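Student: Line by line, the protein sequences are chains A and V.
Under the working numbering, the first residue of the first sequence is numbered 1, with each subsequent residue one higher.
Under the working numbering, the first residue of the second sequence is numbered 1, with each subsequent residue one higher.
Quick caveat, the hints were computed from the structure, so don't treat them as lab data.
Just so we're clear, the structure is a prediction, and the values are computed from it rather than from any experiment.
Among the hints, erroneous ones may be present.
Chain copies aren't distinguished; within one or between two, either way the pair holds.
[Stated by the list, open to error] Computed cross-link-like contacts, SDA-like style, restricted to lysine to any residue with a CA-CA straight-line distance of at most 25 Å:
{"id": "1", "residue 1": "Lys193", "residue 2": "Asp281"}
{"id": "2", "residue 1": "Lys193", "residue 2": "Thr278"}
{"id": "3", "residue 1": "Lys193", "residue 2": "Ala277"}
{"id": "4", "residue 1": "Lys193", "residue 2": "Arg238"}
{"id": "5", "residue 1": "Lys27", "residue 2": "Ala215"}
{"id": "6", "residue 1": "Lys193", "residue 2": "His267"}
{"id": "7", "residue 1": "Lys193", "residue 2": "Arg273"}
{"id": "8", "residue 1": "Lys193", "residue 2": "Pro263"}
{"id": "9", "residue 1": "Lys332", "residue 2": "Arg64"}
{"id": "10", "residue 1": "Lys27", "residue 2": "Ala216"}
{"id": "11", "residue 1": "Lys193", "residue 2": "Pro234"}
{"id": "12", "residue 1": "Lys193", "residue 2": "Leu280"}
{"id": "13", "residue 1": "Lys193", "residue 2": "Arg276"}
{"id": "14", "residue 1": "Lys193", "residue 2": "Glu274"}
{"id": "15", "residue 1": "Lys27", "residue 2": "Ser211"}
{"id": "16", "residue 1": "Lys193", "residue 2": "Gly279"}
{"id": "17", "residue 1": "Lys193", "residue 2": "Gln262"}
{"id": "18", "residue 1": "Lys27", "residue 2": "Lys193"}
Protein chains: 2
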Amino acid sequence: MQRVDNTERVTKACACANVALVKYWGKRDPEANLPAVGSISLTLEGLEAEATISMRPADRFTSRGKTVPGRAYDQMVSFLDWVARTYDSETPLAVNIETNFPVAAGLASSAAIYCATATAALSFLEVSASRRELSAIARRGSGSASRSVFGGLVEWHRGTDPGGDDSFADPLLPAEDWALGMVVAILDEGQKKTSSRDAMQHVAETSPLYSGWLAAQEDDLESMRHAIHARDFPTVGRITEESTLRMHAVTMAARPAVLYWQPATLHVMEAVRELRATGLDAYFTMDAGPQVKVLCQQQDMGAVAAKLESVPAVLRVLQARAGSGVRVLEGKAPWK
Amino acid sequence: MQRVDNTERVTKACACANVALVKYWGKRDPEANLPAVGSISLTLEGLEAEATISMRPADRFTSRGKTVPGRAYDQMVSFLDWVARTYDSETPLAVNIETNFPVAAGLASSAAIYCATATAALSFLEVSASRRELSAIARRGSGSASRSVFGGLVEWHRGTDPGGDDSFADPLLPAEDWALGMVVAILDEGQKKTSSRDAMQHVAETSPLYSGWLAAQEDDLESMRHAIHARDFPTVGRITEESTLRMHAVTMAARPAVLYWQPATLHVMEAVRELRATGLDAYFTMDAGPQVKVLCQQQDMGAVAAKLESVPAVLRVLQARAGSGVRVLEGKAPWK
Numbered sequence: 001m002q003r004v005d006n007t008e009r010v011t012k013a014c015a016c017a018n019v020a021l022v023k024y025w026g027k028r029d030p031e032a033n034l035p036a037v038g039s040i041s042l043t044l045e046g047l048e049a050e051a052t053i054s055m056r057p058a059d060r061f062t063s064r065g066k067t068v069p070g071r072a073y074d075q076m077v078s079f080l081d082w083v084a085r086t087y088d089s090e091t092p093l094a095v096n097i098e099t100n101f102p103v104a105a106g107l108a109s110s111a112a113i114y115c116a117t118a119t120a121a122l123s124f125l126e127v128s129a130s131r132r133e134l135s136a137i138a139r140r141g142s143g144s145a146s147r148s149v150f151g152g153l154v155e156w157h158r159g160t161d162p163g164g165d166d167s168f169a170d171p172l173l174p175a176e177d178w179a180l181g182m183v184v185a186i187l188d189e190g191q192k193k194t195s196s197r198d199a200m201q202h203v204a205e206t207s208p209l210y211s212g213w214l215a216a217q218e219d220d221l222e223s224m225r226h227a228i229h230a231r232d233f234p235t236v237g238r239i240t241e242e243s244t245l246r247m248h249a250v251t252m253a254a255r256p257a258v259l260y261w262q263p264a265t266l267h268v269m270e271a272v273r274e275l276r277a278t279g280l281d282a283y284f285t286m287d288a289g290p291q292v293k294v295l296c297q298q299q300d301m302g303a304v305a306a307k308l309e310s311v312p313a314v315l316r317v318l319q320a321r322a323g324s325g326v327r328v329l330e331g332k333a334p335w336k
Numbered sequence: 001m002q003r004v005d006n007t008e009r010v011t012k013a014c015a016c017a018n019v020a021l022v023k024y025w026g027k028r029d030p031e032a033n034l035p036a037v038g039s040i041s042l043t044l045e046g047l048e049a050e051a052t053i054s055m056r057p058a059d060r061f062t063s064r065g066k067t068v069p070g071r072a073y074d075q076m077v078s079f080l081d082w083v084a085r086t087y088d089s090e091t092p093l094a095v096n097i098e099t100n101f102p103v104a105a106g107l108a109s110s111a112a113i114y115c116a117t118a119t120a121a122l123s124f125l126e127v128s129a130s131r132r133e134l135s136a137i138a139r140r141g142s143g144s145a146s147r148s149v150f151g152g153l154v155e156w157h158r159g160t161d162p163g164g165d166d167s168f169a170d171p172l173l174p175a176e177d178w179a180l181g182m183v184v185a186i187l188d189e190g191q192k193k194t195s196s197r198d199a200m201q202h203v204a205e206t207s208p209l210y211s212g213w214l215a216a217q218e219d220d221l222e223s224m225r226h227a228i229h230a231r232d233f234p235t236v237g238r239i240t241e242e243s244t245l246r247m248h249a250v251t252m253a254a255r256p257a258v259l260y261w262q263p264a265t266l267h268v269m270e271a272v273r274e275l276r277a278t279g280l281d282a283y284f285t286m287d288a289g290p291q292v293k294v295l296c297q298q299q300d301m302g303a304v305a306a307k308l309e310s311v312p313a314v315l316r317v318l319q320a321r322a323g324s325g326v327r328v329l330e331g332k333a334p335w336k
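Produce the complete structure using the sequences and hints provided.
Tutor: Written out as structure tokens, the structure reads:
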């Protein structure tokens, strides 16, 4: 598949971040990035990453035109090489990322970045792949990227195949079929000290509660699918809070503990409970960082944002509606 | 054993609170108050309850002379009746409690109260019992009361006997053999909404992490015994923090969640980590409430207290050295 005249060509794709409602935590295979559990997420419009693929071997991972430093660079380059190798291409791919939200701060930036990169890379290589196949490829870069292929509510299957061919995401409900959204309370703009990748490994190896986490996941997935199917928002919200608390419980029981919460995290959780006490349906969830994301219906986003802005420790608040799946902006879409 | 001229007689005992380093959470038999796990605690001088036993059937549980309201009253009366029945006495016992610290606020008041009450009651009934037997009797009133029978570092055995005869406490190390103490940061003087008794039951029934909690306890007990034996304070501290985080992890994974932490709890935990970063050995632990207790060596109590007082959300700070076991102040001690 050696190609000529590729040096000037670029392809471009745009993907949204997503936040898991039934959380992903732990890997059954770190090499192939296979999850220990399935998960269900909401794709978020407005937290977007745009990936531009080109051939520029000298500077292979840039963000807003600047070289990305450290380990993130190595991981991306290794992903790009894996994609090229998988499709028998000798083209050394390079990617530039533009994002409109903070990266590496527990806002699922890697989901948007790797989903957009995988899509643009397949487009560049002129590979034909279904969205499911694309999802499994994006997963290699970052597990949660598998979910950003689709919009709205999405399930990423754990799968059982050792090679990971059955560990891809499927859409559960498109964004336009249920007017959901998230209001994100940013509490700390700093990058986290430990990557989710390392933290997952440490927790799986040392938390005595990890097996309980694994055992409980299938029930939550099953209940969440039913609640989504029935458009039962209070149940979706309840499971969302339970799943996030269980995930954080497992991490804080690791040795040494991994504790993502800050005092402000508890302030915001309390504010969400106060909102509910007034009859407004809103539910918190947190990922591998202190920020609190609040799931609500789109009609309530303004009221939720106003409440979160009133919490003193909140730096700023983002509002995001349920968004659509990955789009190819330049080049041919890989899916059939 | 019907006695005459008892109406004017009183017996009196004084017991200290204790705080578990390897936590107690969950019951294997709620009726006999048998624990699902063993635990190890530090008895604290200065957090004391004095119990005066008399015969005054009309007003059987008073605190500082006033009738104790609600369920606490019923529990105490049922305990007093159980003790009397067990020793074939028809005497309807009454108790008055004086404490020098806040009750029902997660400060182990029930441990001190029930240990003092059990001791004074046996003295009143002129029963002869070993400290181990006394410990098993106090346990009927409140599990952690079994530990306050002894001073210093104490282990309460889970036991396997269905009747509970082997579920009593034993001393591990007397207070005078290791100059340990605790500095307590009071964050909320209010009484908790849910009793530990009810919370334990709810968590055992609904937390998917509960079996992991049970499975990990023996290792912690074993490691803690060794660390105490070796006077290895950093290891004692590390296990203390791990045990408390695991206990709180299990409760917050219940459905619905039981979350004892307040934002200030995390502030104090952070202050303790800051102290350690300066080379001072201090370790946090929390029970079924927001207050943070900080384990340290007696020589460091002043410095720890000063640090905790500097945390804005801390209402006040108590300092408590390792204390001694229960004492009989009026009447004959029951132990042989």
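Student: Hints first: check each against the structure and report whether it holds.
Tutor: Structure-based check of all given hints:
1. Proximity of Lys193 to Asp281 under the C-alpha cut-off of 25 Å is restricted to the inter-copy arrangement: shortest distance 23 Å between copies versus 33 Å within a copy.
2. When the C-alpha separation of Lys193 and Thr278 is checked against a cutoff of 25 Å, the pair qualifies only between copies, where the shortest distance is 20 Å, while the shortest distance within a copy is 37 Å.
3. With identical chains, the CA atoms of Lys193 and Ala277 are at most 25 Å apart between copies only, with a shortest distance of 17 Å across copies and 35 Å within one.
4. With identical chains, the CA atoms of Lys193 and Arg238 are at most 25 Å apart between copies only, with a shortest distance of 21 Å across copies and 30 Å within one.
5. In this assembly of identical chains, Lys27 and Ala215 lie within 25 Å of each other by CA distance both inside one copy and across copies; the values are 14 Å within and 23 Å between.
6. Within a single copy, Lys193 and His267 get their C-alpha atoms as close as 22 Å, and across copies as close as 19 Å, so both meet the 25 Å cut-off.
7. With identical chains, the CA atoms of Lys193 and Arg273 are at most 25 Å apart between copies only, with a shortest distance of 16 Å across copies and 29 Å within one.
8. For the homomeric pair Lys193 and Pro263, the shortest alpha-carbon distances inside one copy (18 Å) and between copies (21 Å) are both at most 25 Å.
9. Taking CA atoms no more than 25 Å apart as the test, Lys332 paired with Arg64 passes inside one copy only; the shortest distance there is 23 Å, against 82 Å between copies.
10. Both within a single protomer and between protomers do Lys27 and Ala216 lie at most 25 Å apart by alpha-carbon distance, with minima of 16 Å and 22 Å respectively.
11. With identical chains, the CA atoms of Lys193 and Pro234 are at most 25 Å apart between copies only, with a shortest distance of 24 Å across copies and 34 Å within one.
12. For a Cα distance limit of 25 Å, the shortest separation of Lys193 from Leu280 across copies, 23 Å, qualifies, whereas the shortest one inside one copy, 35 Å, does not.
13. With identical chains, the CA atoms of Lys193 and Arg276 are at most 25 Å apart between copies only, with a shortest distance of 19 Å across copies and 33 Å within one.
14. Taking CA atoms no more than 25 Å apart as the test, Lys193 paired with Glu274 passes between copies only; the shortest distance there is 17 Å, against 31 Å inside one copy.
15. Taking identical chains as interchangeable, the C-alpha atoms of Lys27 and Ser211 lie at most 25 Å apart whether they share a chain (13 Å) or sit on different chains (22 Å).
16. Taking the shortest alpha-carbon separations for Lys193 and Gly279, only the inter-copy value of 22 Å comes in at or below 25 Å, while the best intra-copy value is 38 Å.
17. In this homomeric assembly, Lys193 and Gln262 come within 25 Å of each other (Cα to Cα) both inside a single copy, at 14 Å, and across copies, at 24 Å.
18. In this assembly of identical chains, the alpha carbons of Lys27 and Lys193 lie at most 25 Å apart only when taken from the same copy (20 Å versus 38 Å across copies).
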